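Novice: So the sequence lines, in the order shown, correspond to chains A and B. This note's numbering puts the first residue of the first sequence at 1, with every later residue one more than the last. This note's numbering puts the first residue of the second sequence at 1001, with every later residue one more than the last.
Honestly, the hints are just simulated from the structure, not real lab data. These figures come from a predicted structure and were not determined experimentally. Beta carbons: idealized from backbone N, C-alpha and C, even for Gly. Any given hint could turn out to be false.
Stated by the list, open to error - Distance condition first, Cα-Cα at most 30 Å in a straight line; then the derived BS3-like pairs of lysine-lysine:
#1 B:1034 - A:177
#2 B:1098 - B:1160
#3 B:1034 - B:1098
#4 B:1098 - A:177
#5 B:1368 - B:1353
#6 B:1368 - B:1351
Said to hold, decoys possible - Example chain B residues on the side facing chain A (calculated, C-beta under 7 Å, incomplete):
#7 1066
#8 1132
#9 1136
#10 1146
#11 1150
#12 1153
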Amino acid sequence: MIIQAIAFYMLSTVAVAAGFMVIASRNPVHSVLFLILAFFNAAGLFVLLGAEFLAMILVVVYVGAVAVLFLFVVMMLDVDFVDLRKGALQHMQLGTLIGVIFFIELIFLIATVNVTPEVSAQGAFPIPGPDERSNIAALGDILYTDYIYLFQASGLILLVAMIGAIVLTLRTREGVKRQVIADQVNRRREEGVELIPVKPGEGIKGT
Amino acid sequence: MTTLSSSLSLAVPELMMAIGAMALLMFGVFRGDKSTSMVSWLSVLLFIFVGLNILGQPGERMTAFSDGFVIDPFSQFVKVLILTGSGLALIMSMDFLKAERIARFEYPVLVVLATLGMFMMVSANDLISLYMGIELQSLALYVLAAFNRDSQRSTEAGLKYFVLGALSSGLLLYGCSLIYGFTGTTNFDTLREILVPGEWSLGVIIGVVFVAAGLAFKVSAVPFHMWTPDVYEGAPTPITALFAAAPKIAAMALFVRVMMWPLSGELGNIAPEWQQIIMLISVLSMVVGAFAAIGQTNFKRLMAYSSIGHMGYVLMGLAAGSVEGVQGVLIYLTVYLFMTVGVFACILSMKRKEGMVEEISELSGLAKNQPILAMALLILMFSLAGIPPLAGFFGKFYVILAAVKAGLVPLAVIGVLASVVGAYYYLRIVKIMYFDDPAEPFIQPMAGEMRVILGVSSVFVVLFAVFAFPLMSATSYVTQSLF
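Let the sequences and hints guide you as you build the complete structure.
Specialist: Here is the structure:
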């Protein structure tokens, strides 16, 4: 029990500190590296909760794909982050004010929470404990059985996004030389090779 | 617990649309952009088959997919309206796309996918499926708004629509998460059991306010209407015709379902918490729609403000929250669909040698150049203004009657006054057509499909009194499924 508590406090402290460093560090590459650290710690918290599948997915998807994509973007685009930060500092006071107002409102909201036992028992699809059903099976139940309709709908939304990206950006440019494999395969020996009898000492005249 | 096959059998129209869209996409990819009109007609054919299938569905309330999806007579009625709107917009697009050299086969495919999103909105029985439907519809519409990608106005319209639409989705999701947090469920049927009208907790009220704001954005009700005039003006005209009809109907039907099913008790015992919100946005929409339209010179912008005003009237029916109110909403939406499509058929016929024109002043003296077109536009304008015995009058009549019966007399009075103000700018168009000096005539003759659409909508508007009785009995039957 005590080990779990220590692990929890360690992971969450590092996660929060890394999250702060993401926005505080001057070098954007360092920001992304801190982001990866934060992801790893969040994954550790998931393991503590018994959600090992989510933890692995977090590492694979976020660290493996998203963060690396960020790194690429940061390194390939020439964005002047110092300039961007100047703008952010100008609006610091207003931003802080809005943040404080939201925070106070949230506190008021939470203070009025009055979740009755009947309501909290209303979970649409109660999730069985880890000892009854493994993580992956429980997630699969929800994604592919209970919410199959929404799962398919999100597939359609992604299809629309793909069509949209192609419609809005793909242009067929003039004068671009393309490789046409069929033409290459269909090319015959006679079209490409010519046998010229060369007499000794004369070389080739005109080709 | 329903089995998957019984769920699928209830969602056959949606499945047909989804599979049809993908098949059309593959067809278009292999045949290239020259197949655009072929794909368009195939889409219209698909719409007809889907419509027939919807009419053949059982006329009772049934849920599927773990209660996330519902079909009932209400959704069937609205889906047929949506198919009509999308189909007519698609038919009107073909010539325009060719003339503007933007005929690409993705256009009809995106329209089909947007229509599928609207179907999902109308059949939503869960906050998540509501959101999924809205996103599928909106995402396709954002792309369509920017479809003429070489035109700066079209791109701007698409971008503006996208950014503001994303904002409204954020509001909607925030509201959904609050409702979920305070009730523990996203399902509409369960919410209906839990939420007792008049006794909501503060968190639920805040959640409903955010959801209402997100939905008001989708129906472009004031104060969430800012995007409408710019998007309507910038988007290619037939796409504006699509925007003005089908998505408005879908969003309004969704609005009605969210307010009347999960957020109301049995037997039209509506919650006072949301009624005041709807009343406020209804009044604001009617007033802003009437006054802001006066100064407009662009016909498409004018139609944008006109649609804002009309949505205000539809919301009046919802604010009444009674059987008559919802019935008024459905009648108004039917009438609005035909009027809007007719007016856009006119706008799409405003074509000169140098291209399309959109200014109202270009209509001057139309009565001398093209008397039949002018006559049709006159009928539609009178109907939009709500002059009896045309269709627009009956639409307004039923919602105002419902509001008075529900005791919302001030709302009804403001509605009548706003319609008087609104009559000014509709009649100004009639005056420009009939009493001003003729401008250079438009290219004649009009395209055949425009003539048919314009003819059908004018005849519907004029002879509405004949259709009123069957429409009344149909809507009264349909409305029962929401109470």
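Novice: Quickly compare the C-alpha distance for residue 1368 of chain B and residue 1351 of chain B to 30 Å and report which way the hint goes.
Specialist: Satisfied, since the Cα-Cα distance of roughly 16 Å is no more than 30 Å.
Novice: Hint validation: residue 1136 of chain B versus chain A, beta carbon distance must be below 7 Å. Holds or violated?
Specialist: This hint holds: residue 1136 of chain B lies near chain A, its Cβ roughly 5 Å from the closest one there, short of 7 Å.
Novice: Against chain A, is residue 1146 of chain B within 7 Å by beta-carbon distance?
Specialist: holds (6 Å)
Novice: May I ask you to test the interface hint for residue 1150 of chain B with respect to chain A, counting a Cβ-Cβ separation under 7 Å as satisfied?
Specialist: Because about 10 Å separates residue 1150 of chain B from the closest Cβ in chain A, which is outside the 7 Å limit, the hint is violated.
Novice: Hold the hint about residue 1153 of chain B up to the distance rule: shortest CB distance to chain A must be less than 7 Å.
Specialist: violated (15 Å)
Novice: Classify the hint on residue 1132 of chain B as holds or violated, based on whether any CB of chain A lies nearer than 7 Å to its CB.
Specialist: holds (4 Å)
Novice: Tell me if the straight-line CA distance from residue 1368 of chain B to residue 1353 of chain B falls inside 30 Å.
Specialist: Judged against 30 Å, a Cα distance of about 19 Å means the pair holds.
Novice: Using 7 Å as the Cβ threshold, decide whether residue 1066 of chain B counts as touching chain A.
Specialist: holds (5 Å)
Novice: Straight-line Cα separation of residue 1098 of chain B and residue 1160 of chain B no greater than 30 Å?
Specialist: holds (26 Å)
Novice: Hint check: residue 1034 of chain B vs residue 177 of chain A, CA-CA at most 30 Å. Holds or violated?
Specialist: Holds, at roughly 23 Å.
Novice: Measure nothing beyond the straight line between the CA atoms of residue 1098 of chain B and residue 177 of chain A; if it is 30 Å or shorter, mark the hint as holding.
Specialist: Since the Cα atoms of residue 1098 of chain B and residue 177 of chain A sit roughly 28 Å apart, the hinted pair holds (cutoff 30 Å).
Novice: Are the Cα positions of residue 1034 of chain B and residue 1098 of chain B separated by 30 Å at most?
Specialist: holds (10 Å)
Of the numbered hints stated above, those contradicted by the structure are hints 11 and 12, listed in ascending order.
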